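Start counting the sequence shown at 11; every next residue gets the next number (my numbering).
What the hints contain is simulated information worked out from the structure, not anything from laboratory work. Here the structure is a predicted model, which is why all the values come from computation and not from measurement. Warning: the hint list may mix true and false statements.
[Stated by the list, open to error] Straight line, CA to CA, 25 Å or less: simulated DMTMM-like cross-link-like pairs of lysine to aspartate or glutamate:
{"no.": "1", "residue 1": "Lys-79", "residue 2": "Glu-39"}
{"no.": "2", "residue 1": "Lys-79", "residue 2": "Glu-57"}
{"no.": "3", "residue 1": "Lys-79", "residue 2": "Glu-30"}
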Amino acid sequence: MTRIRRMTVTLPPRLRHLAEHEARRIAREAAAQLGDDAPRRLSVTVEGRGTSGYGLATAVGRSVATSTKGRG
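Starting from the given sequences, assemble the full structure and let the hints guide the process.
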């Protein structure tokens, strides 16, 4: 699994009380989708629209896989 050295996650205010937990979940999902030949920089934007933290993590994972053409 690829190690992410730095990641900025902006969560909606409604997840403020769970921010650290949800950010870690999102980072784990993103790392799981990155392969060893992952790009050095990658920007992913996901619309929350009331989605749970788990749903956001899944959406980020899908977006990372799409952005890296599924090399994860």
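These are the hints, each one checked on the structure:
1. Between the alpha carbons of Lys-79 and Glu-39 the distance comes to roughly 16 Å, so the proposed pair stays at or under 25 Å and holds.
2. Taking the CA atoms of Lys-79 and Glu-57, the gap is near 20 Å; set against the 25 Å cutoff, the hint holds.
3. With a C-alpha separation of about 28 Å, the suggested pair Lys-79 and Glu-30 falls outside the 25 Å cut-off, and the hint is violated.
The structure fails hint 3 only (numbered hints given earlier).
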